[in-house]
Amino acid sequence: MPTLRARATTGVTADALPTVQINGVVWTQVMIGNIVYAGGEFTSARPAGSAKGKNEVARKNLLAYDITTGKLVTTFRPGAFDKAVKTLAVSADKKTLYVGGAFTKVGSSARGRFAAVDAKTGSLRKQAPKFDRQVNALAVKGSTVYVGGMFSKVGSAKRARLAAVNASTGKVTGWRPTANDTVLALVATADGKRVIAGGRFTKLNKTAATGMGSLDAKTGGTHTWKINKVVKNSGAKSAIWSLKTDGTTVYGTGYAYGSGNFEGVFAASAGDGSVRWIQDCHGDTYDVAPIGDYVYSVGHAHYCANIGGFPDTNPRTIWNRALAVSKSAAGVVAPNAQARAGSQSYGNFVGQPAPALYTWFPNLADGSYTGQKQAAWSVVGNGTYISLGGEFPTVNGVAQQGLVRFAVPSKAPNKVGPQVTSLATLPTATLQSDGSVALSWKANWDRDDLRLSYQLRRNGVVIATQSADSTYWNRPTLSTVDTDPAAGLSGSDRSVSYTVTALDPSGNAVTSAAAKVTLPVSQPSPGPSDSTPSATEPTTGTP
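No gaps in the numbering here: position 429 of the sequence shown is 429 in the UniProt record's numbering, and each next residue is one more.
Hints are not guaranteed to be accurate.
Straight-line Cα separation of at most 16 angstroms, EDC-like style, residue types lysine to aspartate or glutamate; simulated pairs [to be verified]: (1) Lys516 <-> Asp484; (2) Lys141 <-> Asp181; (3) Lys141 <-> Asp82; (4) Lys442 <-> Asp484; (5) Lys71 <-> Glu56; (6) Lys158 <-> Asp181; (7) Lys411 <-> Asp66; (8) Lys193 <-> Asp216; (9) Lys193 <-> Asp272; (10) Lys83 <-> Asp132; (11) Lys229 <-> Asp191; (12) Lys226 <-> Asp272; (13) Lys120 <-> Asp93; (14) Lys206 <-> Asp246; (15) Lys94 <-> Asp132; (16) Lys141 <-> Asp246; (17) Lys105 <-> Asp82; (18) Lys120 <-> Asp66; (19) Lys203 <-> Asp216; (20) Lys206 <-> Asp191; (21) Lys237 <-> Asp191; (22) Lys203 <-> Asp181; (23) Lys158 <-> Asp132; (24) Lys327 <-> Asp246; (25) Lys95 <-> Asp118; (26) Lys218 <-> Asp191; (27) Lys232 <-> Asp181; (28) Lys105 <-> Asp132; (29) Lys153 <-> Asp191; (30) Lys516 <-> Asp493; (31) Lys171 <-> Asp132; (32) Lys327 <-> Asp293.
Source of the hints: derived by calculation from the structure; they are not laboratory data.
In this text the structure is predicted, and so the values were computed from the model without any measurement.
From just these sequences and the hints, can you work out the full model?
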């Protein structure tokens, strides 16, 4: 089983950076340079810090913002999409943004669930094939735009949930593989030879392909895709939800509810789909982004103990809406030690390669727009920033609706520190028979740092320091002995006060409430008959 890893300086912190907000849900994002394009279901955008209804500008289901500043790109002003934008893709020359979804109009122009807009201005391009039902997925390779969804026709051409469009002419091509159920995700491999499809289907063409499979980019024929013999999601209650690639590896996410066998993220060879690793964190997972040495994902994970992470809670009360794992395998999936009788039947991936989970746990509140109690649905980024999009109303307890940025430490404020409040970290101080004071306290935890340091103070003076790894699910008890508690006392004052300060590597600190011990007037000689224990006396505040 992999070991939980500390986040390195190349990983983003848990600091939520001010970002343009929306008033609905973001389903999809893509990037061109530093510009993030976000599509979904919303009617307006507003600056970070503005309450809903304040300082809003109209943006109907599509906007752009600068990931380095978090500000709306005001020069990108597309027409209003009358219904949801579900997927976005970028042309090979980075000048055109392809848009798919449920819409039938953009501004006053008819567009049948597919549109192309200028990436700088948002103005509508003329090329516009008409799809008869929703478009869920787009992938671009060279002069071809591959399309997946629920449709059966493109214009007058019959196409069973998969089609391709010529990027120059806007006309449907002769590429015509078939899927026997909805396609939700597409990605073209870097060599241009294959298109990987994911969704609810059980067949591609006439070949069994449970939830995903590989298609020839020219002929549409079916290729070998080995991981669909391991990960098996399909039908109304399970699916492969998203697919991304870094060139050599395809990463995908899935959800299962009563059928299927997979929730989490997988990594597979872009050539034949051989398993590279399985991130078997239970909880529906909606999007994935391989960036540098990290693979970020969004969903609602609630159990990662079988890859070295957090356990489930019973009753289930903790959901992690965003996670980061290593790009390479770091061990194998361990047995699920918390399998419960009558609980959902998750797939058995024991022994499969697994990545390591990083200490990165931002707190995204679930939203209400979709009625599904979800938070983030989309993640994109570069080597410096990532952007999460969804329906969350707050991040780390601060209002930030629908979009949020995170950055590597050199671009972040590094202000997220130890999370437990002062009273909850009150130390225990017990006078011993030899006159010393035994002290113990429960470790704190941090959203983006695994190791914290601790300063033990007696009457405001540091007398001991320690360091320890901790997480919200594993807070070890630390201890030490003060062998000279009377040091510095004078006169009749025999009261000694102890506090513990937890610090992260950036210097963020939380100091405990004080525990007091009253020493005897004269120190006892060593021996059990002279023991004079004193109860811990909690106070509020710090000395």
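Against the structure, the hints come out as follows:
1. Lys516 <-> Asp484: Status holds; Cα separation ~15 angstroms.
2. Lys141 <-> Asp181: Answer violated: Lys141 to Asp181 is near 24 angstroms, above 16 angstroms.
3. Lys141 <-> Asp82: violated (28 angstroms)
4. Lys442 <-> Asp484: violated (23 angstroms)
5. Lys71 <-> Glu56: With a Cα-Cα distance of about 13 angstroms, the restraint between Lys71 and Glu56 holds, given a limit of 16 angstroms.
6. Lys158 <-> Asp181: Roughly 15 angstroms between the alpha carbons, so the hint for Lys158 and Asp181 holds.
7. Lys411 <-> Asp66: holds (14 angstroms)
8. Lys193 <-> Asp216: Holds - the C-alpha atoms of Asp216 and Lys193 are around 6 angstroms apart, at most 16 angstroms.
9. Lys193 <-> Asp272: holds (12 angstroms)
10. Lys83 <-> Asp132: Satisfied, since the Cα-Cα distance of roughly 14 angstroms is no more than 16 angstroms.
11. Lys229 <-> Asp191: violated (24 angstroms)
12. Lys226 <-> Asp272: Holds, at roughly 6 angstroms.
13. Lys120 <-> Asp93: Distance of about 13 angstroms is within 16 angstroms: holds.
14. Lys206 <-> Asp246: With a Cα-Cα distance of about 29 angstroms, the restraint between Lys206 and Asp246 is violated, given a limit of 16 angstroms.
15. Lys94 <-> Asp132: Judged against 16 angstroms, a Cα distance of about 27 angstroms means the pair is violated.
16. Lys141 <-> Asp246: Holds: Lys141 and Asp246 sit about 14 angstroms apart, inside 16 angstroms.
17. Lys105 <-> Asp82: Since the Cα atoms of Lys105 and Asp82 sit roughly 6 angstroms apart, the hinted pair holds (cutoff 16 angstroms).
18. Lys120 <-> Asp66: holds (12 angstroms)
19. Lys203 <-> Asp216: Cα-Cα ~15 angstroms, so holds.
20. Lys206 <-> Asp191: violated (25 angstroms)
21. Lys237 <-> Asp191: violated (33 angstroms)
22. Lys203 <-> Asp181: holds (8 angstroms)
23. Lys158 <-> Asp132: With Cα atoms ~10 angstroms apart, Lys158 and Asp132 stay inside 16 angstroms; holds.
24. Lys327 <-> Asp246: holds (10 angstroms)
25. Lys95 <-> Asp118: holds (6 angstroms)
26. Lys218 <-> Asp191: OK: Lys218 and Asp191 at ~12 angstroms, within 16 angstroms.
27. Lys232 <-> Asp181: holds (14 angstroms)
28. Lys105 <-> Asp132: Measuring from Cα to Cα gives roughly 13 angstroms; hence the hint holds.
29. Lys153 <-> Asp191: Since the Cα atoms of Lys153 and Asp191 sit roughly 29 angstroms apart, the hinted pair is violated (cutoff 16 angstroms).
30. Lys516 <-> Asp493: Holds, at about 12 angstroms.
31. Lys171 <-> Asp132: Holds. Lys171 to Asp132 sits at ~15 angstroms (cutoff 16 angstroms).
32. Lys327 <-> Asp293: Holds, because 5 angstroms separates the two Cα atoms, which is no more than 16 angstroms.
The structure fails hints 2, 3, 4, 11, 14, 15, 20, 21 and 29 (numbered hints given earlier, in ascending order).
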